[in-house]
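Fit chains S and A to the supplied structure of chain L, relying on the hints for placement.
Next come the chains, spelled out residue by residue.
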Amino acid sequence: MEPHYQHLYDILAHSQGYIFPNEIDLQWGILIVVYPFITGLVAGAFILASLERVFKVKILKPTYQIALLTALSFLLVATMPLISHLSQPQRAYEIMITPHSSSAMAIFGFVYLWYLMVVLLLEIWFDYRHSMVVWSNERTGIMKWVYKILTLGVSDISPRTLAWDRKLGYIITVVGIPSAFILHGYVGFIFGSIKANPWWSTPLMPIIFLFSAMVSGIALVLLVYMIISFFRKKSIELPVLDSIGKYLFFVLILDFTLEGLDQIQRIYEAEESFEIIKLLVSSKLYLTLFVSQGLIGTIIPLITLAFLQFYKHQIRLKKTMYFIIGIMVLIGVYSMRWNVVIGGQLFSKSFSGFTSFKVGLIGLDGTLMAAFWLILPIGILTFFLWLLPPWKMVKEEED
Amino acid sequence: MANEKITSRRKFLKTATVLAGATIGYTWLKSSRMLLYAAEPKDETLPWYGIVIDIQKCIGCGSCAKACKNENDVPKEPFFFRTWVEQYTIKNDGSVNIVSPNGGIDGFEQIIANEEIFKSFFVPKMCNHCYKSPCTQVCPVGATYESPEGVVLIDEKYCIGCRYCVQACPYGCRFIHPVKKVANKCTLCYHRLKKGLAPACMEVCPTGARMYGNLRDKNSDIVKYLKEHTTQVLRPHLNTGSKLYYNGLSSEVR
Amino acid sequence: MFLISIYVIFIHILMKFYIPPQIPRLAFAFGIFITLFLVLRHFLIPDTFGKYGHYRAASLIDNAKPELHYAGQLACFTCHQDIEEKKSQDVHSEIHCETCHGPGLKHVVSGKKEDIFKPSGREFCGKCHSFNAAKMKSAVFQIDLAKHNIGKNCIECHNPHQPWQMKK
Numbered sequence: 001m002e003p004h005y006q007h008l009y010d011i012l013a014h015s016q017g018y019i020f021p022n023e024i025d026l027q028w029g030i031l032i033v034v035y036p037f038i039t040g041l042v043a044g045a046f047i048l049a050s051l052e053r054v055f056k057v058k059i060l061k062p063t064y065q066i067a068l069l070t071a072l073s074f075l076l077v078a079t080m081p082l083i084s085h086l087s088q089p090q091r092a093y094e095i096m097i098t099p100h101s102s103s104a105m106a107i108f109g110f111v112y113l114w115y116l117m118v119v120l121l122l123e124i125w126f127d128y129r130h131s132m133v134v135w136s137n138e139r140t141g142i143m144k145w146v147y148k149i150l151t152l153g154v155s156d157i158s159p160r161t162l163a164w165d166r167k168l169g170y171i172i173t174v175v176g177i178p179s180a181f182i183l184h185g186y187v188g189f190i191f192g193s194i195k196a197n198p199w200w201s202t203p204l205m206p207i208i209f210l211f212s213a214m215v216s217g218i219a220l221v222l223l224v225y226m227i228i229s230f231f232r233k234k235s236i237e238l239p240v241l242d243s244i245g246k247y248l249f250f251v252l253i254l255d256f257t258l259e260g261l262d263q264i265q266r267i268y269e270a271e272e273s274f275e276i277i278k279l280l281v282s283s284k285l286y287l288t289l290f291v292s293q294g295l296i297g298t299i300i301p302l303i304t305l306a307f308l309q310f311y312k313h314q315i316r317l318k319k320t321m322y323f324i325i326g327i328m329v330l331i332g333v334y335s336m337r338w339n340v341v342i343g344g345q346l347f348s349k350s351f352s353g354f355t356s357f358k359v360g361l362i363g364l365d366g367t368l369m370a371a372f373w374l375i376l377p378i379g380i381l382t383f384f385l386w387l388l389p390p391w392k393m394v395k396e397e398e399d
Numbered sequence: 001m002a003n004e005k006i007t008s009r010r011k012f013l014k015t016a017t018v019l020a021g022a023t024i025g026y027t028w029l030k031s032s033r034m035l036l037y038a039a040e041p042k043d044e045t046l047p048w049y050g051i052v053i054d055i056q057k058c059i060g061c062g063s064c065a066k067a068c069k070n071e072n073d074v075p076k077e078p079f080f081f082r083t084w085v086e087q088y089t090i091k092n093d094g095s096v097n098i099v100s101p102n103g104g105i106d107g108f109e110q111i112i113a114n115e116e117i118f119k120s121f122f123v124p125k126m127c128n129h130c131y132k133s134p135c136t137q138v139c140p141v142g143a144t145y146e147s148p149e150g151v152v153l154i155d156e157k158y159c160i161g162c163r164y165c166v167q168a169c170p171y172g173c174r175f176i177h178p179v180k181k182v183a184n185k186c187t188l189c190y191h192r193l194k195k196g197l198a199p200a201c202m203e204v205c206p207t208g209a210r211m212y213g214n215l216r217d218k219n220s221d222i223v224k225y226l227k228e229h230t231t232q233v234l235r236p237h238l239n240t241g242s243k244l245y246y247n248g249l250s251s252e253v254r
Numbered sequence: 001m002f003l004i005s006i007y008v009i010f011i012h013i014l015m016k017f018y019i020p021p022q023i024p025r026l027a028f029a030f031g032i033f034i035t036l037f038l039v040l041r042h043f044l045i046p047d048t049f050g051k052y053g054h055y056r057a058a059s060l061i062d063n064a065k066p067e068l069h070y071a072g073q074l075a076c077f078t079c080h081q082d083i084e085e086k087k088s089q090d091v092h093s094e095i096h097c098e099t100c101h102g103p104g105l106k107h108v109v110s111g112k113k114e115d116i117f118k119p120s121g122r123e124f125c126g127k128c129h130s131f132n133a134a135k136m137k138s139a140v141f142q143i144d145l146a147k148h149n150i151g152k153n154c155i156e157c158h159n160p161h162q163p164w165q166m167k168k
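Heads up: the protein sequence lines correspond to chains L, S and A, in order. According to this note's numbering, the first sequence is numbered sequentially starting from 1. According to this note's numbering, the second sequence is numbered sequentially starting from 1. According to this note's numbering, the third sequence is numbered sequentially starting from 1.
Excised from the complex, chain L in its bound form (with noise of 0.2 Å):
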């Protein structure tokens, strides 16, 4: 017998109660679970970038480039967990020439293009054209090339043209705010606008995956900017930590409150599929949804940032206890994807049954894959920031 019907004949040994026959299989495995992560770190980082330059909000300056230089690392990734998991991925391509104007997945790649050409490049663009310029100056040989062509030959550095590169920054700045917003909402929106998946389907699933992929960014770059300090050897400066830690708090907030609000109203209104949906989160997803997004992903994270917020002793626990929140939140975002992927899938839409789920290590739609394409940005983080260095940038004069 063919592994793959070994495999589903495991599943269906598993499954309870009565599940529609085609349903035996999950359709959307781990590699869904970890795109809409994946966009959500991208979201949430360049939200967090641009309340510096578009707020002012100054004690994030340190922030600034590592923010949208991890953003770009991860939207660079995006695509792969989604490519890597079609059943023809030779033909992705048609999403670009023929996308269905009715379909929320077929914006996908327009949404993307926009969102990586219009305003990551060229805000990353308008940001380092001044350093670049000076850098290809600098150097010799091959480097002196790579820089003189990211910039596009625009060599001029006079002050007119450098207040160009800042005004025009901002204004794509603004722009990529509801960019941003848009690349991750229509997430939510391919899972919202899903009627027949009540577990899916509320009005609330574009704005719940957008509240939580800022909590996801904000604790991303929170990470980032203490890993980068470490291994830079400077020293972390605390009142960057607690300004990002505001945030944090807030967000979470907001996205408990939005999450909290989806369940409370599923639970008052008890229509038909309201009995195995409380099954399925009292027995299939009790871990990840109680434990993990609620507990460790949320719970815990928000007390000890209130806690950090009104105390103000002892600074080497501050640094640990932040870095431990931020693993915390991301591990609880990454539940919380899972819940509603894997979840949504694990009971069937007869209401009456339950299928399985085992993940694979191997293969194209396995562990080692999701792993590779969660770990992959980080080298291309590394990367970038061997390219452009934030601190090796022209200090300019501020206005």
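What the hints contain is simulated information worked out from the structure, not anything from laboratory work. There could be a bad hint or two in this list.
With a straight-line Cα cutoff of 25 Å, these simulated BS3-like cross-link-like pairs (lysine-lysine) come out [said to hold, decoys possible]:
(1) A:Lys65 <-> S:Lys157
(2) L:Lys392 <-> L:Lys167
(3) A:Lys118 <-> A:Lys167
(4) A:Lys106 <-> S:Lys194
(5) A:Lys112 <-> S:Lys69
(6) A:Lys112 <-> S:Lys91
(7) S:Lys132 <-> A:Lys51
(8) S:Lys180 <-> A:Lys112
Now the stretches of chain L that chain S is said to cover, found in silico as 3 or more residues with beta-carbon under 8 Å [unchecked claim]:
(9) 4-15
(10) 87-98
(11) 195-208
(12) 211-225
None of the values given here were measured: they were computed from a predicted structure. Yeah, the Cβ is synthetic: ideal placement off N, Cα and C, and Gly gets one too.
Just chains S and A now, with coordinates in the frame of chain L:
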């Protein structure tokens, strides 16, 4: 004199822009109805297919599910079905038991004793060939569509295997073919319909529980049946435009 | 022509203002990219796409291509008129041949016995006729296979095409 000319020019430009904008806006809005409805029957000369299943006539022999797999080269393993039969048993204590062993292909054995049974019946399931089909709505590339005859079909050469359609179908009709690695589902035996033959499942049903026909033809058997019987569709609140009408559908069925 | 003149006027108006050097360079880079994309798209998009809707119209032909396996009982009757007559006079009159005999097109084409299924055995008839609380008595005649002539094959006594004509 000059001022009047400028004002009248401005007025003209304003009106012209408003009219142009309104025309563009209207045409855009009209085309955006696509968001809600997947297709409208355009060609009046073609049939507009509908299906009727009479639950009171189904005896759970499984001939339909077996014939479908034979006709359409669907793998015989119990995980892929274009059509299947379910058995509902409502016990005296009110609990509902649903089974579909191998989709009903090998028939059904009665496991629950007669004394415990309040009522029991078979429910054949298949693609509902919705005319506001959610699976068509969500396909990102246009690989699934409603044919001009109202049959929802899949373009196997174009499907990218994203599985969005499988998620969107409220009836569980779609699956990914294990060999072809694209979406697959009941096609109402389109290749048979085009030759004037009945779909395989309808050809072999011994009691005539499955019927199909042209909903546009006022004299067709199916339209007469719909007129004389009280029928329901599954998940009416989801507004899928299902064209599969059940006679004798009990409230427990999902 | 109209669009080009609008474009020219637009550029002339723009020339009146100061344009920072970044903009034309970026516009050029994006212009190249978009043009490349549109050219690629023109060559990649399938020919019949969009004819009837947002799909490849040639797929309708593809979906009509698969091979038939079931012939329909009229095809059976072209050779087996005697069975047609017998069947029409008894309770199995409404049942099509291929319900029991399986896909018959191969046999219609070749005429060989091996190319069609000849059912036999109590379980086969029992799929329809065994007792089950879900079967309505009005839909099918049911019998208790555990009690009725155990061990015998149904067709030893019942002619499958004329079930009430008992064989002697």
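With a C-beta cutoff of 8 Å, work out whether three or more residues of the region 87-98 of chain L approach chain S closely enough for the coverage to hold.
-> holds (count 8)
Can you take a look at whether the region 195-208 of chain L is actually covered by chain S? Rule is 3+ residues, C-beta closer than 8 Å.
-> Our answer is that it holds, as 3 residues pass the Cβ test (under 8 Å) against chain S, meeting three.
Do the alpha carbons of S:Lys180 and A:Lys112 lie within 25 Å of each other, as the hint requires?
-> violated (32 Å)
Sort out whether A:Lys51 lies within 25 Å of S:Lys132, counting only the CA atoms.
-> holds (19 Å)
Cβ contact check, 8 Å cutoff: the region 4-15 of chain L against chain S, three residues minimum = That given contact holds, which follows from 4 residues of the region 4-15 of chain L lying within Cβ reach (below 8 Å) of chain S.
Sort out whether S:Lys194 lies within 25 Å of A:Lys106, counting only the CA atoms.
-> holds (20 Å)
Holds or violated: A:Lys118 with A:Lys167, Cα cutoff 25 Å?
-> holds (18 Å)
Between A:Lys65 and S:Lys157, is the straight-line Cα distance small enough, at 25 Å or below?
-> holds (13 Å)
Given the proposed pairing of A:Lys112 with S:Lys91, does the C-alpha separation stay at or below 25 Å?
-> Violated: A:Lys112 and S:Lys91 sit about 49 Å apart, past 25 Å.
Does A:Lys112 pair with S:Lys69 here, judged by a C-alpha cut-off of 25 Å?
-> Holds: A:Lys112 and S:Lys69 sit about 23 Å apart, inside 25 Å.
25 Å limit on alpha-carbon distance, applied to hinted pair L:Lys392 and L:Lys167 | holds (22 Å)
Coverage claim, chain S over the region 211-225 of chain L, checked by counting residues with Cβ within 8 Å (three needed) = Answer violated; 0 residues pass the 8 Å Cβ test.
The structure fails to meet hints 6, 8 and 12 from the earlier list, while all remaining hints are met.
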